[in-house]
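J.: Starting from the given sequences, assemble the full structure and let the hints guide the process.
Residue numbers (this note's numbering), protein chains in the order written: chain A, 1 to 345; chain B, 1001 to 1280.
Please keep in mind that the hints were generated in silico from the structure rather than gathered at the bench. Given the structure is predicted, the values throughout are model-derived calculations rather than measurements. Where a beta carbon is used, it is the ideal one built from N, C-alpha and C, also for glycine. Among the clues, some could well be false.
Unchecked claim - Among chain A residues calculated to face chain B with C-beta under 7 Å, some are:
{"#": "1", "residue": "L78"}
{"#": "2", "residue": "P111"}
{"#": "3", "residue": "D113"}
{"#": "4", "residue": "A281"}
{"#": "5", "residue": "Y304"}
Unchecked claim - Which stretches of chain A does chain B cover? Using the computed rule of at least three CB atoms under 8 Å from a CB of chain B, they are:
{"#": "6", "region": "23 to 35"}
{"#": "7", "region": "43 to 53"}
{"#": "8", "region": "244 to 254"}
{"#": "9", "region": "262 to 270"}
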Amino acid sequence: MPASKISKDDLKRHLSEKLTDYTLVGPVKSRLAYKFDVISNVDRLEIEYTTTVLPPKKQFMPTVEPLIRFQGDGTAQLPLIPTDRPVALVALHSCDLIATDLIDTIFATAPGDPYYKTRRENAVILGVRCMEPCDTHAFCNAMGTLDQKGGADIFLTPLDHHFLVEPLSKKGETFLAGAALSHSGDEDAQAVGRIANERDKQFRSQEKVDLKALSDAMTTSRDHEIWDELAGECLACGTCNITCPTCYCFDMCDKMELSLVDGERRRSWDSCQLREFAEVAGGENFRGTRADRQRHRFFRKGKYLFDRYDLTGCVGCGRCVRQCVADIDPLEVYQRLLERRSARV
Amino acid sequence: MSESITIPEQTLYLPIPTPVTAVRMLTKTECLITVELDPDRIEPYRPGQFFMLSLPGIGEAPISVCSPPEAYPRLQLCVRRVGKVTAHLHQLAVGSTIGIRGPMGNGVPLEQLKGQDLLIAAGGLGMVPLHALINHIVKNRADYGTVTVLYGAKEPGELLFRDELLQWGSRGDLNLHIAVNIADEDWMGHVGMITTLFQYVSVDVAKTAAVIVGPPVMYHFVMQEIRKLNLPPERIFLSLERRMKCGVGKCGHCQINEITVCQDGPVFSYDQLKTLPEAI
Ligand SMILES: Cc1cc2nc3c(=O)[nH]c(=O)nc-3n(C[C@H](O)[C@H](O)[C@H](O)COP(=O)(O)OP(=O)(O)OC[C@H]3O[C@@H](n4cnc5c(N)ncnc54)[C@H](O)[C@@H]3O)c2cc1C
Ligand code: SF4
Ligand code: SF4
Ligand code: FES
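T.: In structure tokens:
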């Protein structure tokens, strides 16, 4: 496929035209940071942005959503998810694209989660290449997600006045129909290479985390002193889970209306850092200490999901690092675990 | 491990309305609920599988299959009252309706047990899923060799299915040993932990499989005894209890390492669990 590009103004114009058929969701500036929001005026859209506080997974799995509606006669029904308008989810960074792949693997493969799948299939995703590190917390380069296109339908690369445009699926091509694309030559590709080179040097760590080695290191690190150290700092607030694009655990609880006749069974985002998460009847808790729960969190990121699905459970977005009051930093944890391993061999 | 049933996506979280046909208190804290499944919407079940029982506005609880597969589409469930959902389940009346999702999980690998001598150990509520298995064995007695059942409970009043225990004990083709930790005045049987029943057990290592279900503390002690018998780990099966919300591998609550107990389990061979930290 010949490479194409579109001027920044033309892309905005195209997105604006798409508003008649699509619900547009993308990054907007809120008071202190960026967030994904529904956009009715494309001037609010910030395609070149530093990462949002909450990940875009909320588009497919809202923080709280009904799974079942109860009626007065005791029967239950599935709530309908409207699909009359497709959603265009705009400007996902590579970390979030790879995270979307991971959650797709779990929620869209059999038995698929009907709510997630419906929303996911109803969406076209526009990814955007990061041309500089989001900040000093991001470590996507170390986790191998930087520049990845994951499940994007279209991938954009920003240059000075235009975006390089790569349609990656039928959905993406349909979305681009009518856009003012023009031919992009070798000089554009070379410019991207130059910028990427400069960009890579600015990340806080130049070293790649070897995912296989990390998983192996974790196998022998169950009793590592780091878990107790982290337990001493962690407040078990659960913020790391809520901000993480690859966390998907949820709780289910019933909410009745005042009539006590109609109501809903809802799911809401949950956190494995909370004490009750793994507690069963009789008070038995298989992860009763903070150390157990921190280990579970990081093993999930670095080992369990990787071993099972061959995908990284941490995409290096840095969101949890930015928000954690205890300054707990996954990259430092991974490096510590890998250090001991290399010291051993 | 036997394969899990595939659940149609649209009904992943949708409880199927199911009539309650009988309710009976077994002990002070456990009641036996009988329901009639809709065979068009709910597939046959196996011992070791479980169902999510749902009450609108109250919530859901995972409860083990208690009746043998032969009873399908009838299903029996034995519920201990420990909290919100289970307390409401105890108030169910005949003729009312509950929501049911399932069957879930892998269940006991019946095919692997066929032709083997069986050593079955039940601690407390562990008798619930094993009741399904033992009744299945009794109905297909010729398919199995020697069958030994060890059952431990805190006190005589906590013993489940007392009528059936008497029947099993008098069959002559089933070695039943019962222990209570604390006896009462009427108790004439063995007193002690379930582990003290192993003195009555002798197995033919070449053709014996063990199935053990009980609370987490029991596994530690019972496994010590089981190890002494030198059974191969792949012929020892345990059922794990974990907190469960979805039952279909999505919510993350039941995860141990890369395994989701609700889908990959709840029944595991000891071979699988040995290398699974946090499991038992
Ligand atoms: C595979 C499996 C099979 C089970 N089979 C049976 C059975 O046959 N009979 C029986 O009586 N019980 C069984 N249980 C346990 C039963 O599911 C819990 O006792 C029940 O969910 C508690 O719900 P509740 O609302 O009454 O209690 P709650 O008010 O929610 O809490 C009471 C206690 O139960 C724990 N708990 C809450 N939710 C769960 C949950 N989803 N899973 C486990 N523990 C939980 C809480 O941590 C608390 O300690 C089984 C559990 C599992 C995982
Ligand atoms: S955000 Fe930090 S303090 Fe809060 S639970 Fe996560 S690691 Fe612990
Ligand atoms: S663990 Fe932290 S850095 Fe890794 S993906 Fe989750 S939020 Fe991002
Ligand atoms: S109960 Fe939800 S993943 Fe097992």
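J.: Hint by hint, note whether the structure agrees.
T.: Hints, verified against the model:
1. L78: With a minimum Cβ separation of about 6 Å from chain B (threshold 7 Å), the hint on L78(A) holds.
2. P111: Status holds, d = 5 Å.
3. D113: At 6 Å from the nearest chain B Cβ, D113(A) passes the 7 Å test, so the hint holds.
4. A281: This hint holds: A281(A) lies near chain B, its Cβ roughly 4 Å from the closest one there, short of 7 Å.
5. Y304: Check passed: Cβ of Y304(A) comes within 4 Å of chain B, closer than 7 Å.
6. 23 to 35: Answer violated; 0 residues pass the 8 Å Cβ test.
7. 43 to 53: violated (count 0)
8. 244 to 254: holds (count 7)
9. 262 to 270: holds (count 4)
Consistency note: the structure conflicts with the earlier hints numbered 6 and 7.
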